[in-house]
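Peer 1: Residue numbers (the numbering used here), protein chains in the order written: chain A, 1 to 283; chain B, 1 to 283; chain C, 1 to 283; chain D, 1 to 283.
Among the hints, erroneous ones may be present.
[Stated by the list, open to error] With a cut-off of at most 30 angstroms between alpha-carbon atoms, the simulated BS3-like pairs for lysine-lysine come out as follows:
1. Lys207(D) / Lys270(C)
2. Lys178(D) / Lys280(C)
3. Lys270(C) / Lys270(D)
If you're looking for bench data, these hints aren't it; they were derived computationally from the structure.
Note that the structure is a prediction, hence the values are computed from the model and not measured.
Number of protein chains: 4
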Amino acid sequence: MLGVYVIQAIGRTTYMLIKARSVVVSRRSRYQQIDVVDTEEFGRVLVLDGLVQSTEVDEFYYHELLTHPAMVLHPNPRRVLILGGGEGAALREVLKYKTVERAVMVDIDEEVVNVSKEFLVSWHAGAFSDPRAEVVIEDGRTFVERVGEKFDVVVMDLTDPYGPEIARALYREDFIKKLSGILTDCGVISTQAGTSFFYPEEYDELKRGLEAVFGRVSAFSAWIPSFGYSCSFIVASRGEELSNLSEEEIDRRLRSRGVVTRFFSGRTFKALLAIPEYRKLSN
Amino acid sequence: MLGVYVIQAIGRTTYMLIKARSVVVSRRSRYQQIDVVDTEEFGRVLVLDGLVQSTEVDEFYYHELLTHPAMVLHPNPRRVLILGGGEGAALREVLKYKTVERAVMVDIDEEVVNVSKEFLVSWHAGAFSDPRAEVVIEDGRTFVERVGEKFDVVVMDLTDPYGPEIARALYREDFIKKLSGILTDCGVISTQAGTSFFYPEEYDELKRGLEAVFGRVSAFSAWIPSFGYSCSFIVASRGEELSNLSEEEIDRRLRSRGVVTRFFSGRTFKALLAIPEYRKLSN
Amino acid sequence: MLGVYVIQAIGRTTYMLIKARSVVVSRRSRYQQIDVVDTEEFGRVLVLDGLVQSTEVDEFYYHELLTHPAMVLHPNPRRVLILGGGEGAALREVLKYKTVERAVMVDIDEEVVNVSKEFLVSWHAGAFSDPRAEVVIEDGRTFVERVGEKFDVVVMDLTDPYGPEIARALYREDFIKKLSGILTDCGVISTQAGTSFFYPEEYDELKRGLEAVFGRVSAFSAWIPSFGYSCSFIVASRGEELSNLSEEEIDRRLRSRGVVTRFFSGRTFKALLAIPEYRKLSN
Amino acid sequence: MLGVYVIQAIGRTTYMLIKARSVVVSRRSRYQQIDVVDTEEFGRVLVLDGLVQSTEVDEFYYHELLTHPAMVLHPNPRRVLILGGGEGAALREVLKYKTVERAVMVDIDEEVVNVSKEFLVSWHAGAFSDPRAEVVIEDGRTFVERVGEKFDVVVMDLTDPYGPEIARALYREDFIKKLSGILTDCGVISTQAGTSFFYPEEYDELKRGLEAVFGRVSAFSAWIPSFGYSCSFIVASRGEELSNLSEEEIDRRLRSRGVVTRFFSGRTFKALLAIPEYRKLSN
Numbered sequence: 001m002l003g004v005y006v007i008q009a010i011g012r013t014t015y016m017l018i019k020a021r022s023v024v025v026s027r028r029s030r031y032q033q034i035d036v037v038d039t040e041e042f043g044r045v046l047v048l049d050g051l052v053q054s055t056e057v058d059e060f061y062y063h064e065l066l067t068h069p070a071m072v073l074h075p076n077p078r079r080v081l082i083l084g085g086g087e088g089a090a091l092r093e094v095l096k097y098k099t100v101e102r103a104v105m106v107d108i109d110e111e112v113v114n115v116s117k118e119f120l121v122s123w124h125a126g127a128f129s130d131p132r133a134e135v136v137i138e139d140g141r142t143f144v145e146r147v148g149e150k151f152d153v154v155v156m157d158l159t160d161p162y163g164p165e166i167a168r169a170l171y172r173e174d175f176i177k178k179l180s181g182i183l184t185d186c187g188v189i190s191t192q193a194g195t196s197f198f199y200p201e202e203y204d205e206l207k208r209g210l211e212a213v214f215g216r217v218s219a220f221s222a223w224i225p226s227f228g229y230s231c232s233f234i235v236a237s238r239g240e241e242l243s244n245l246s247e248e249e250i251d252r253r254l255r256s257r258g259v260v261t262r263f264f265s266g267r268t269f270k271a272l273l274a275i276p277e278y279r280k281l282s283n
Numbered sequence: 001m002l003g004v005y006v007i008q009a010i011g012r013t014t015y016m017l018i019k020a021r022s023v024v025v026s027r028r029s030r031y032q033q034i035d036v037v038d039t040e041e042f043g044r045v046l047v048l049d050g051l052v053q054s055t056e057v058d059e060f061y062y063h064e065l066l067t068h069p070a071m072v073l074h075p076n077p078r079r080v081l082i083l084g085g086g087e088g089a090a091l092r093e094v095l096k097y098k099t100v101e102r103a104v105m106v107d108i109d110e111e112v113v114n115v116s117k118e119f120l121v122s123w124h125a126g127a128f129s130d131p132r133a134e135v136v137i138e139d140g141r142t143f144v145e146r147v148g149e150k151f152d153v154v155v156m157d158l159t160d161p162y163g164p165e166i167a168r169a170l171y172r173e174d175f176i177k178k179l180s181g182i183l184t185d186c187g188v189i190s191t192q193a194g195t196s197f198f199y200p201e202e203y204d205e206l207k208r209g210l211e212a213v214f215g216r217v218s219a220f221s222a223w224i225p226s227f228g229y230s231c232s233f234i235v236a237s238r239g240e241e242l243s244n245l246s247e248e249e250i251d252r253r254l255r256s257r258g259v260v261t262r263f264f265s266g267r268t269f270k271a272l273l274a275i276p277e278y279r280k281l282s283n
Numbered sequence: 001m002l003g004v005y006v007i008q009a010i011g012r013t014t015y016m017l018i019k020a021r022s023v024v025v026s027r028r029s030r031y032q033q034i035d036v037v038d039t040e041e042f043g044r045v046l047v048l049d050g051l052v053q054s055t056e057v058d059e060f061y062y063h064e065l066l067t068h069p070a071m072v073l074h075p076n077p078r079r080v081l082i083l084g085g086g087e088g089a090a091l092r093e094v095l096k097y098k099t100v101e102r103a104v105m106v107d108i109d110e111e112v113v114n115v116s117k118e119f120l121v122s123w124h125a126g127a128f129s130d131p132r133a134e135v136v137i138e139d140g141r142t143f144v145e146r147v148g149e150k151f152d153v154v155v156m157d158l159t160d161p162y163g164p165e166i167a168r169a170l171y172r173e174d175f176i177k178k179l180s181g182i183l184t185d186c187g188v189i190s191t192q193a194g195t196s197f198f199y200p201e202e203y204d205e206l207k208r209g210l211e212a213v214f215g216r217v218s219a220f221s222a223w224i225p226s227f228g229y230s231c232s233f234i235v236a237s238r239g240e241e242l243s244n245l246s247e248e249e250i251d252r253r254l255r256s257r258g259v260v261t262r263f264f265s266g267r268t269f270k271a272l273l274a275i276p277e278y279r280k281l282s283n
Numbered sequence: 001m002l003g004v005y006v007i008q009a010i011g012r013t014t015y016m017l018i019k020a021r022s023v024v025v026s027r028r029s030r031y032q033q034i035d036v037v038d039t040e041e042f043g044r045v046l047v048l049d050g051l052v053q054s055t056e057v058d059e060f061y062y063h064e065l066l067t068h069p070a071m072v073l074h075p076n077p078r079r080v081l082i083l084g085g086g087e088g089a090a091l092r093e094v095l096k097y098k099t100v101e102r103a104v105m106v107d108i109d110e111e112v113v114n115v116s117k118e119f120l121v122s123w124h125a126g127a128f129s130d131p132r133a134e135v136v137i138e139d140g141r142t143f144v145e146r147v148g149e150k151f152d153v154v155v156m157d158l159t160d161p162y163g164p165e166i167a168r169a170l171y172r173e174d175f176i177k178k179l180s181g182i183l184t185d186c187g188v189i190s191t192q193a194g195t196s197f198f199y200p201e202e203y204d205e206l207k208r209g210l211e212a213v214f215g216r217v218s219a220f221s222a223w224i225p226s227f228g229y230s231c232s233f234i235v236a237s238r239g240e241e242l243s244n245l246s247e248e249e250i251d252r253r254l255r256s257r258g259v260v261t262r263f264f265s266g267r268t269f270k271a272l273l274a275i276p277e278y279r280k281l282s283n
């Protein structure tokens, strides 16, 4: 077990060690320490302040589940906002939709975007140079408060709701209200929600906040290997409800919008929705 | 991050650290080191030779998925054999079926059974003293080779197919054939299969071995929090196929056989079957 | 590297993992978590709140160096006070001196003393039942402030000067002054001082505090294997200076006072005094 | 404790975690994985196959103790051979002696030398371009067997005697004999010997091998912070004995040969020689 390892948190006192093969780049931005590490079992990994954000071999699980449920739920997603998502992989997924006319990605840290452009090519896969894409370097909160524009889909690709303070504010009910205010009539919000097993209270709080603003929400989770846990996602909508979309309708929408995926499908997604939430009673 | 930790493997070079609160018992048997550890996030944990076997807070996910698919698939499971399973939790689950007349658990290590009886009460929940249960202390291979008896369901509750050598032999095709030989006509085998993501070749080999003997098999996986991965299970049958069982039929069988579960249900199980296998291309 | 480990700190971001064989006792006192762990390479280990205090195989290095320099420096040590030292090993060392008439050990945590009496027999080696020994369960600060009595030697066997807050107060100059006030005319104080390499500022502050009160002090360090570093010790005296004691005089005093040691001797100690302090420039 | 760490071994089942700040270079040579890591507490670190070789903040302790005892013991060291030592720091130290006319460094891995030249500037400090220095890329064994030349001092700057197989062969008695054969009449050999505490048998075997060939040898040890232990060194001579050199004579030789050191001195070295060996009884 000797050598260079990335140590990351799974739960509160549960950790994961990932063996590194080499470190590709290591840079300190104004906001955080940015490391791109090539690992034995996960290929290339993006690590921000010691927290694994996503990895080459399994980022598609995460980014497909973060974006497609919201994107298929919306009847005609043309304008998409991504908060965070510096790797460009959420952007890559939403740009797969030929309905999309404009996708704005707002990340606070330009350095992360630059590192991604150069070193995480399989993540963005050219998305940054898509003419429909715009990258804004700004705090997501400030952007949402100042922007006049409305969006059909908002994707929150941020650190965990129980993670670094800077992102926590974006999960609070007052900000969710503001987000709701920049949504079009059938607008949909999608967010990752960390692990409901290790952080049940924080997860519940986020879900309640979304329910308070949107009435009803859908939640599901899927194991993301490099996270060490089943990652929860929550989708809230001002229009349709996810539970009303049939397997066939999901597949039809993906097809008609020109979207090809590796993991996400009508069948897989309906299955994920049917699996009970992982819960741990606090002790 | 100071204090006492259990370090266990997730993948080949990926590890998990679980913070211990106290060590309840620590004993060396003829076969292995047996530790029962109370942890911060998983409650009580059974550790054999440094490998987490199961934990108080999530063993029910594992043991329900290991036993119920096979038990509901069989039209009338009366005689059940468990290989391994020293904690007594697989035994607890199969004894929930009022159809069961006899459940034989064969574990090589008497000390594990003794430690479980005394310290893992919520695991066996009295199963060891059920009059239908018999515990045999013997190598599973020897038992299967010598036993005259036939069984309706065989549950393999052993260490991973890519784990310690002692259990590996029980996953090989020649032993699977012997197992098939002690099954009744509609007999069903269920086994855990470790992680198909980190050990795709070893997983495939086990699955191919079962397919070679049984024709077709069903596989599914579910995240087990204390394992750090989505654990695969494979069910092989000489009779019905799992895919033919409807959600309603599964629930009906559970009900009619008097079985109450926490996680397993027709709906959950059909969903698990629908989720694609996690795969990592070796590099 | 699988199994149960004790993780402890060496420096600020440098850690040590010690493989456990079994945990002998694990108890939460009013003040702290107390674990006695049998390890692969250090035998039995006492761990308080995740910090290794001392181990069976190398505690004699630590306790001999903590006590004998002060005990040989004093012309006739009759009354000795130990602050902390719950294991009873510092007590064991000072009671080796036939000059000693009374040795008071003041530890805040009765549970540590009880655990030591039962499980750390080679540490105290019967010292607790020596008629000259008295154990007081009390905060060292309160004891020093209230006690009328004076002592020839005070041994500070506490957690590190940069460690848990509870002990830090006893290293501050104002408390050192109070300690000086309960010393007899030729009184000597000895304290462990953690690692001057990883915590140069904290070490310097403690040394300066002792110098401010006592004029001149002697410092030295020696590698303690289970600490992962060369542990510093500081001796301050109201009488003689350590540097004036010759190798032969140290050995003569040990002999005439009936003291047998395993590591400490005139030769070893003069050598330790001659080795420059380990220093790391902060960066 | 999150982030990137270097995990290295201290003993057999005792490990050290060093927090990395960034990885400067990460390269696989024909022989090994070479990582240069900037760490929080040790500055820049050279890691070969996951083993810390030396670090910016404490390499001088190691390299001074590895070279100067042998260099001062020899009456007039003119020709020096270094086996291993790719960082160039042992070379730097021996070139401090104005008596030295030729210093040959033989390292098997050219890539280590190249990485050192570029990234470990404070280690070699220009030694590689000293006209007296020659670097030979070759297996030390082959070099010693084929070289016609004789040397006054041989410095063995290799991985531990109980470490990777490639270096182990150079510690065996038959190779020591060959080394003795390329020494001039008053020739001296110096080697690091790892930790006598955690590996007493391996240490003893090496020491016995040297004694068998050279009659008598001198051994001492000093804590090297980044190793987590007191590192042993052994010096064997065909001429004078180290114990016969007085403190003053050592200082005089250093001075007259133009050598300035940071840690090594007559006083420090005589002290190190006086400290008993750290020993752990195996259990």
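Peer 1: Does each hint hold? Answer for all of them.
Peer 2: Going through the hints against the structure:
1. Lys207(D) / Lys270(C): Holds: Lys207(D) and Lys270(C) sit about 26 angstroms apart, inside 30 angstroms.
2. Lys178(D) / Lys280(C): With a Cα-Cα distance of about 40 angstroms, the restraint between Lys178(D) and Lys280(C) is violated, given a limit of 30 angstroms.
3. Lys270(C) / Lys270(D): holds (11 angstroms)
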